Amino acid sequence: MSELIAAGGADVTQIAAVAERYGLHFGEPDWLPDVIARYALTPS
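With my numbering, the residue at position 41 of the sequence shown is 41, and numbering never jumps.
Please keep in mind that the hints were generated in silico from the structure rather than gathered at the bench.
As the structure is a prediction and not an experimental result, all values here were calculated from the model.
Backbone N, C-alpha and C fix where the C-beta goes; we use that ideal spot for every residue, glycine too.
Incorrect hints may appear among the rest.
[Claimed, not checked] Label pairs and their computed distance ranges (CB to CB):
hint, residue 1, residue 2, range
1, SER2, ASP34, 17 to 23 Å
2, ARG38, THR13, 31 to 37 Å
3, GLY27, SER2, 15 to 21 Å
4, PRO43, SER2, 19 to 25 Å
5, TYR39, GLY8, 28 to 34 Å
6, TYR39, ALA17, 33 to 39 Å
7, ILE15, PRO43, 17 to 23 Å
8, ALA40, ALA17, 34 to 40 Å
9, ASP34, VAL12, 25 to 31 Å
10, SER44, VAL12, 14 to 20 Å
11, MET1, LEU32, 19 to 25 Å
12, SER2, ALA40, 15 to 21 Å
13, LEU41, VAL18, 17 to 23 Å
14, ILE36, VAL12, 20 to 26 Å
Could you put together the complete structure from these sequences and hints?
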């Protein structure tokens, strides 16, 4: 995964295929909105 991302411009389908193969999940954790609000962060 890091090799695809480090190479830059990796195709989203390639990243998704590798993530699925290794059981990786991308998403927003349940606690993230609370941390953002609590510390007045601005997500990019």
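Checked hints:
1. For SER2 and ASP34, the hinted distance range of 17 to 23 Å is not satisfied, since their beta carbons lie about 29 Å from each other.
2. For ARG38 paired with THR13, a C-beta distance near 36 Å keeps the hint of 31 to 37 Å intact.
3. Our hint of 15 to 21 Å for GLY27 and SER2 holds, since their Cβ atoms are close to 19 Å apart.
4. Checking the proposed 19 to 25 Å range against PRO43 and SER2 shows it holds: the Cβ atoms sit about 22 Å from each other.
5. Taking 28 to 34 Å as the suggested C-beta distance range, the pair TYR39 and GLY8 conforms, at roughly 30 Å.
6. Taken as a hint, the range 33 to 39 Å holds for the pair TYR39 and ALA17, whose Cβ atoms sit roughly 35 Å apart.
7. Checked against the hint of 17 to 23 Å, the C-beta distance between ILE15 and PRO43 comes to roughly 20 Å, which is consistent with it.
8. Checked against the hint of 34 to 40 Å, the C-beta distance between ALA40 and ALA17 comes to roughly 38 Å, which is consistent with it.
9. In this structure the hint that ASP34 and VAL12 lie 25 to 31 Å apart at CB holds, the actual value being about 28 Å.
10. The hinted window of 14 to 20 Å between SER44 and VAL12 holds, with their beta carbons roughly 19 Å apart.
11. The hint said 19 to 25 Å for the Cβ distance between MET1 and LEU32, and at roughly 21 Å that hint holds.
12. Separation of SER2 from ALA40 is about 31 Å and departs from the stated range, judged on CB atoms against 15 to 21 Å.
13. Checked against the hint of 17 to 23 Å, the C-beta distance between LEU41 and VAL18 comes to roughly 29 Å, which is inconsistent with it.
14. The beta-carbon spacing between ILE36 and VAL12, approximately 24 Å, falls within the hinted interval of 20 to 26 Å.
Checked against the numbered hints above, the structure breaks hints 1, 12 and 13 and satisfies the rest.
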